[in-house]
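Visitor: Taking the hints into account, I'd like the entire structure generated from these sequences.
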Amino acid sequence: MRPIQPFFALTGLTAVEAIRQPILVLLFTACVTFTAVTPMVLLHTFGEYGKMARETGLALHFLLGLLAAVQAAASSLAQEVRSGTAAVVLSKPVGRHTFFLAKFTGIALVILAFSLGAALATLLSERVAERLTHTAAGAEELIDWRTAWWLLAAPLLGLAVAGLLNYTRRVSFGSTAFLLIICALLLVLLTSGAYDRTGARASFDLRVDWRVLPAGVLITAALLVISAVAVSLSTRLRPAPTLALCGLIFILGLLWEYLFGQAPTSPLSGWLYSIAPNWQHFWVSDALTGGGTIPWSYVGQVMIYAATYIGAILCLGTCAFARADV
Amino acid sequence: MPEPTESAAVEIRGLVKVFRDFWRRPTVRAVNGIDLTIPRGKVFGLLGPNGSGKSTTIKILLGLLFPSAGDVRVLGESPRAVAVKQRIGYLPEDSHLYRYLPARETLDFYARLFALDRATRRARIDQSLEMVGLAHAANRPVGEFSKGMARRIGLAQALINDPQLVILDEPTAGLDPIGCRQVKDIMLALAARGTTVLLTSHLLADVEDVCDRLAILYNGKVRAQGTVQELLTVPDTISLSIPELSPDAMRDLLALLRERLGIEPRVDHPSMDLERFFLDVITKAADQPASLSGAAHTGRVAEFLRRS
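In order, the protein sequences belong to chains H and D. Under this note's numbering, the first residue of the first sequence is numbered 1, with each subsequent residue one higher. Under this note's numbering, the first residue of the second sequence is numbered 1, with each subsequent residue one higher.
There's no promise every hint is true.
Said to hold, decoys possible - Partial chain H-side listing against chain D, Cβ under 8 Å, derived:
#, residue
1, P6
2, A87
3, K92
4, P93
5, L187
6, D209
None of these hints come from the bench; they were simulated from the model. Every residue gets a Cβ at the ideal spot worked out from N, C-alpha and C, and that includes glycine.
Guide: In structure tokens, the structure reads:
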């Protein structure tokens with residue numbers, strides 16, 4: 001019980017402090033809102049509205065999630081060391097490894113919440129996208145306007161209620177808005193099951209493309225990997241160099257397959273290929289084109305890869321933090 | 001090198017700390033061979049100008065910095081041992097609080113780091129907030145606090161575990177005179193029940209008020225140490241206080257001193273120090289009802305810190 005309670009206290013605090021940061025709420029709101037707007041403004045899609053909405057949603061999840069993960073991870077530990085709060089916490093009976101791992105776990109919780117919201121928005125956005133629908137008047141291309149407006153209203157409603165609660169009850173705007181937006185998206189998903197694309201009442205069926213889910217899970221795993229990298233780097237670096245290095249790792253990770261993956265030319269390139277996180281494993285939305293699916297067995301393999309990678313990176317981070325002056 | 005003694009709360013022998021740059025080249029020798037013993041149950045003052053090595057020494061005592069050389073024992077253990085920190089309280093030079101957390105949640109967080117059960121946490125948080133005069137601001141985020149209020153919450157978190165050794169780095173910085181007096185009273189109350197207090201301050205009057213022993217650092221070395229009495233007594237002069245005398249009686253007394261001792265005595269009225277005068281004025285003013293937006297003057301020490 002004794003070592004666990006400080007770990008949970010630190011994890012909870014890290015998560016709460018992270019989602020109270022205005023930048024996190026801004027990124028999350030932007031992710032959900034842009035995903036919601038996408039199916040309404042799509043043009044020249046050659047009939048692939050659903051694909052465009054889905055891929056835009058997943059890309060926003062990946063890109064803004066990446067920014068959120070790196071920002072939260074880099075600022076959480078490095079900022080605490082710089083501001084002195086880490087010194088106060090480590091003057092209590094808290095081991096350095098506990099502190100470090102709790103920081104990562106707290107950030108991971110925030111990433112999971114971010115990904116839940118982004119995945120819900122993508123599922124709904126894909127449902128909203130224009131597609132051939134059979135109505136009494138015949139077959140026509142229809143946007144699910146009812147769900148579209150509710151989807152667009154969800155983040156606005158979350159922000160408005162959070163603002164009101166902040167004014168009347170002094171609760172934290174950031175964390176309340178974050179949680180309310182997720183609740184609002186869940187509510188939209190559930191209520192949208194009660195009507196069809198034309199807005200007419202129908203038997204309960206969520207009518208979303210669940211194939212999006214494994215793609216969202218893979219992106220979440222990628223975000224956890226980059227969070228682990230950012231937290232580990234921030235044991236020795238300030239937030240700005242951490243952000244820059246994470247950006248570099250992200251770009252290299254996208255190019256790695258082309259640079260070293262085809263045919264390793266030397267032991268060094270083979271070694272580099274195996275140590276860099278390969279983002280191509282996590283971005284497989286192309287597989288969904290033309291009715292394809294992402295097998296859960298593949299998701300399982302990538303999750304094992306991500307867990308191994310995170311474990312190794314966190315080991316290095318723990319060692320780096322163990323001897324760092326605070 | 002003397003053996004560590006059971007009665008010492010802190011033993012430092014030959015402590016050296018050299019800071020290095022990215023390339024591991026030495027940049028600053030912040031502490032340069034300090035030997036120090038802090039007895040248990042005393043208030044010990046660590047004085048020195050900026051950059052003299054006080055904060056570095058404190059951070060080494062807390063295991064936050066790693067010494068380049070020397071031996072340090074805190075409550076008989078290495079400062080890197082996590083278990084020994086169960087018995088230590090620390091208030092840093094700046095309060096370093098999580099700005100989005102309300103005061104009550106801040107104290108609850110620190111209490112949970114000591115694995116205190118819920119009932120104990122709740123009781124200590126209530127008493128601590130009352131003690132530092134912030135019960136009315138318990139639900140406000142500490143990021144909105146003034147420097148003095150943040151200092152008070154910092155002090156409350158430093159004492160939440162009822163420590164055996166309290167390390168206070170500039171505890172009165174940013175506090176009004178009432179707050180300073182309260183902090184000093186708390187230090188004296190802690191010392192009276194056997195808690196060791198290590199204090200650094202630039203306010204020498206504060207140190208003189210509460211410290212039993214002190215050491216003065218300069219350029220990373222101890223330049224003087226001993227009891228306040230030993231260090232401050234002027235050995236060849238005494239002062240004598242007597243009630244107000246009539247002019248005739250005073251004239252006779254002075255004549256007697258001149259005749260018998262052959263000295264010219266100096267006569268003046270003892271004056272109240274400014275702190276005591278200020279507190280008298282405020283205490284009288286506090287009797288009149290008024291609304292408070294900052295910290296309140298309660299003059300109380302938390303019950304869990306009064307039990308021996």
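Visitor: Indicate, hint by hint, whether the structure satisfies it.
Guide: Each hint tested on the structure:
For P6/H, the interface hint holds, since its Cβ comes within 8 Å of a Cβ in chain D; the closest pair sits about 5 Å apart. Given hint, A87/H at the interface with chain D, holds; its Cβ is 5 Å from that chain's nearest Cβ, closer than 8 Å. Interface restraint check: K92/H against chain D, minimum CB-CB distance 4 Å, threshold 8 Å, status holds. With 8 Å as the threshold, the beta carbon of P93/H comes within range of chain D, its nearest partner Cβ sitting at about 4 Å, so the hint holds.
Evaluation of the L187/H hint against chain D yields a violated restraint, the C-beta minimum of about 27 Å exceeding 8 Å. With a cut of 8 Å, the hint placing D209/H at the interface with chain D is violated, because the nearest CB-to-CB distance is about 38 Å.
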